[in-house]
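*Asks:* The chain contents come next:
There are 2 protein chains.
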Amino acid sequence: MLKLKRIAIDTYRDNVAFLARKCRHYRPEEFQALKKIEIMNDHHHLLASLLVVDDDQIVGPDELGLSEQAFRRIGLVEGTTVSIAPAEPPESVEFLRNKIHGHTLDSGQIRGIITDIANYRYSEREIAAFLVSCAGFMTTSEMLSLTSAMAEVGTQLHWDAPVVVDKHCIGGIPGNRTSMIIVPIVAAHGLTIPKTSSRAITSPAGTADTMEVLANVDLSLPEMRRVVEECKGCVVWGGHVNLSPADDILISVERPLAIDTREQMVASILSKKLAAGSTHLLIDLPIGPSAKVRGHADAMRLRKLFEYVGDQVGLAIDVTVTDGEQPIGNGIGPVLEARDVMAVLRREPDAPRDLREKSLRMAGMLLESDPALRGGAGYARAQEILDSGAALEKMEQIIEAQGKAATAACVGELTQDVLAPCDGSVTAIDCYRLARLARLAGAPMDKGAGIDLFKKIGDVVSEGEPLYRIHACFKSDYKFAVNFAGEGSGYRIGGSA
Amino acid sequence: MLKLKRIAIDTYRDNVAFLARKCRHYRPEEFQALKKIEIMNDHHHLLASLLVVDDDQIVGPDELGLSEQAFRRIGLVEGTTVSIAPAEPPESVEFLRNKIHGHTLDSGQIRGIITDIANYRYSEREIAAFLVSCAGFMTTSEMLSLTSAMAEVGTQLHWDAPVVVDKHCIGGIPGNRTSMIIVPIVAAHGLTIPKTSSRAITSPAGTADTMEVLANVDLSLPEMRRVVEECKGCVVWGGHVNLSPADDILISVERPLAIDTREQMVASILSKKLAAGSTHLLIDLPIGPSAKVRGHADAMRLRKLFEYVGDQVGLAIDVTVTDGEQPIGNGIGPVLEARDVMAVLRREPDAPRDLREKSLRMAGMLLESDPALRGGAGYARAQEILDSGAALEKMEQIIEAQGKAATAACVGELTQDVLAPCDGSVTAIDCYRLARLARLAGAPMDKGAGIDLFKKIGDVVSEGEPLYRIHACFKSDYKFAVNFAGEGSGYRIGGSA
Chain A
1 MLKLKRIAID TYRDNVAFLA RKCRHYRPEE FQALKKIEIM NDHHHLLASL LVVDDDQIVG
61 PDELGLSEQA FRRIGLVEGT TVSIAPAEPP ESVEFLRNKI HGHTLDSGQI RGIITDIANY
121 RYSEREIAAF LVSCAGFMTT SEMLSLTSAM AEVGTQLHWD APVVVDKHCI GGIPGNRTSM
181 IIVPIVAAHG LTIPKTSSRA ITSPAGTADT MEVLANVDLS LPEMRRVVEE CKGCVVWGGH
241 VNLSPADDIL ISVERPLAID TREQMVASIL SKKLAAGSTH LLIDLPIGPS AKVRGHADAM
301 RLRKLFEYVG DQVGLAIDVT VTDGEQPIGN GIGPVLEARD VMAVLRREPD APRDLREKSL
361 RMAGMLLESD PALRGGAGYA RAQEILDSGA ALEKMEQIIE AQGKAATAAC VGELTQDVLA
421 PCDGSVTAID CYRLARLARL AGAPMDKGAG IDLFKKIGDV VSEGEPLYRI HACFKSDYKF
481 AVNFAGEGSG YRIGGSA
Chain B
1 MLKLKRIAID TYRDNVAFLA RKCRHYRPEE FQALKKIEIM NDHHHLLASL LVVDDDQIVG
61 PDELGLSEQA FRRIGLVEGT TVSIAPAEPP ESVEFLRNKI HGHTLDSGQI RGIITDIANY
121 RYSEREIAAF LVSCAGFMTT SEMLSLTSAM AEVGTQLHWD APVVVDKHCI GGIPGNRTSM
181 IIVPIVAAHG LTIPKTSSRA ITSPAGTADT MEVLANVDLS LPEMRRVVEE CKGCVVWGGH
241 VNLSPADDIL ISVERPLAID TREQMVASIL SKKLAAGSTH LLIDLPIGPS AKVRGHADAM
301 RLRKLFEYVG DQVGLAIDVT VTDGEQPIGN GIGPVLEARD VMAVLRREPD APRDLREKSL
361 RMAGMLLESD PALRGGAGYA RAQEILDSGA ALEKMEQIIE AQGKAATAAC VGELTQDVLA
421 PCDGSVTAID CYRLARLARL AGAPMDKGAG IDLFKKIGDV VSEGEPLYRI HACFKSDYKF
481 AVNFAGEGSG YRIGGSA
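Chains A and B, in that order, are what the protein sequence lines are. Mapping of the first sequence onto UniProt numbering: position 298 corresponds to residue 298, and the numbering continues sequentially without gaps. Mapping of the second sequence onto UniProt numbering: position 252 corresponds to residue 252, and the numbering continues sequentially without gaps.
Keep in mind the hints are simulated off the structure, nothing from the lab. Among the clues, some could well be false.
What the hints assert, rightly or not - To spell it out: a stretch of chain A is covered by chain B in this simulated footprint if at least three of its residues, at any positions, have a beta carbon under 8 Å from a beta carbon of chain B; those stretches are: (1) 2-11; (2) 54-62; (3) 126-134.
Positions of the beta carbon are idealized from the N, C-alpha and C atoms, including for glycine.
Isolated chain A (complex conformation) (with noise of 0.2 Å):
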């Protein structure tokens, strides 16, 4: 009845129809806008928002717009004929309302709420209503539910190797990009660890970023089959992957929200890894006053979920409990943590000894989750493939294969010191204002914005002496960053020298 026109409107993750308040062939008042609609052909169909359009050189009345995204997904050519209905609200609407109410749901139920979201049937309130109502209120079998669901919702991996690894951490601590030492390490002694790493959202950089700034990490999905054939591992952005899709969608719900159950987390996190063939899990949980995790009960409850979680999914986790006072590494920022990390593969002699240590530590633990390797010999093995240049050989194998980075990118040029106020030493590093000093400088958009580290704690310094140096590419992030930095360094200096 009407014809499909491409409409060149960005929509983001929403699916937009747009039809003329004069169409020939449907009663408007059936379809008022942002009201959901089904749109039909013979073999395709699409659900979308509406929006109600005067003007006929958008749309004229014999046709049906849709944005960018839905014109993608619903993959006909313009001009196809299509029908278009009220969308009946997803079936399992019924069971957010029971939950809303209070009650507790079955796995049934909860797959068809997953499923649901992962087909864009949920609006935005619907998806809101869904993360509130389990905020604090989920029993272990919800949780253990949620994550089934989410990771059989999407793309399933499966690996041709019995045993499979992979590390997840859960993030807050800058410049902590252990992935980018530990997968070389542990592919090189013939593990495979086929990593899929998120960008930064709220941070000034994810692993993707850093890698980005050496390799190619826009994959697909057999581009990454090919690597992780050819290396073992490979260090991509999960973007492409399509890995727990609904877990994307909650997260873009719940993260301005700022609702982060420790249940929330742990689906999250282990349904990715379940949809991504893992079978064996390490997850660094960093502790500190300016971390995620503040305090070693908090922790202790999170490692319990998530080994409790992890065996009822069969799933071999391992958690690790680390040191989150400060960053890791020296830099903040994608090209700033590419250096670090480069350093610590080619074993320069100023390379961070702290990335190196926890990589080193990290990569043994997963190297015992090969059955040929000692308990207790994963660490000297770890820096055995580390010291003898295996890791780094490893590292441009893998840059080769998903392909080098085209240009190098360059440390951001607009540079300031930060200066200590007094002699002392530094007796505290607040993660969370560095990490957004670095962002306001332009991380992780502009790739050699950031921050470099020159003290850390325990380190002595005198009055006057640089604490670390911010860089920008652009003028007016330099301005927002050094106005930031003088508002306080994110440094406290104790005691006399």
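Since chain A is already given, all that's left is putting chain B on it; use the hints.
*Replies:* Chain B only, in chain A's frame:
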């Protein structure tokens, strides 16, 4: 920096802005699709959701497009120069987060949230999160704060009268059009009763839809004032008067989620009545197996909550628990209900007795808020006004003052009688099913569509005798309705006659 352009796209309640991806004045990465932006010039500013456009025909690189609603709200002419910035999340989102995590909010925090909602600063997901976090988790002091905040944000009416009465039905009973009889009786007595009503959202007719069959109900606030000064009463649509605008926004989100807590209901109703300047309020609370309130215990809890909040906010409240077992009157749908109302006012012999009796009883209760009237004398006075013809005269005066409907709407001409399947007597009528049926037939959009009941509970019927008649205006609706009635009439016939 950017020139304003009106884009003829109807985005209903949402403000939407359109920016070219090739925009010359801003870095596009800062302005991702769906993010909120602030649009400013010297004296105006507006928040809107952003869509990114890749078509110069829609928005050029020097332009900022605004949807119909946004364009109207910013109140500037096309071509005006404006600047944009990413919108900071409203401050009150911090309080929302606290509420999600289980904290109790104080009145200032609730006022902050409500003010931001009324000013379109909340996204759908934030509104949903607020509603779900309140559902079942509100202290009485939070409820009071919510009621007052909603009443105070938006228009607040003041009337030059010591007693201003109003009535409200919590809904769920088809045909229950008592307001259109009560208003003329009370106004004819001399009390001020400035009634604003809603249009149907999920029911086959709201009072505004039914009154519209007879008179214009789309009055501006000054027009409404003039009618009330002239007639003491009015029956207008509340949509132009902007009473408790936050409530309208909350309702638009809570309805599809079916969040219907007592607390939300009481805050919603009382905030509107407070804002309308009422001093005395009568609440009609129907109980029945297919009504909103199903038992006396629930009704009692709801009554106490109304009374408690009413006392605290200074509104004299009477709650009358009424019979909600079956529809009131015979017609369901605007034209049919208006017919019943006029039959009662005209004292026609076949006017529905139940509608007359209920209206007289409630009008009597309202009349007793007149200090000059003796306790217990209300009903008789209401009857006197109705039977003398004074109420009819007042109704005609009100219709004249609001503006008589231009054309007389007729009852739908496609009809089908639904017949009794056996001899017996009517033992139950499913209000919910009949409401659904009337909507399928086209009500309230098609004013003449609906149902005309011939039998009520207790009536004796013979097999094949008509129970009710379906009226529709369009063939497709007619078919839908007839099929639906075929699956179940909504009537239960018991025993044998």
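*Asks:* Does each hint fit the structure? Answer for all of them.
*Replies:* Each hint tested on the structure:
Given a C-beta distance limit of less than 8 Å, the hint that chain B covers the region 2-11 of chain A holds, as 5 residues qualify and 3 suffice. Given a C-beta distance limit of less than 8 Å, the hint that chain B covers the region 54-62 of chain A holds, as 4 residues qualify and 3 suffice. Counting residues of the region 126-134 of chain A whose beta-carbon sits less than 8 Å from any beta-carbon of chain B gives 7, enough to reach three: the coverage restraint holds.
When held up to the earlier numbered hints, the structure conflicts with none and fits them all.
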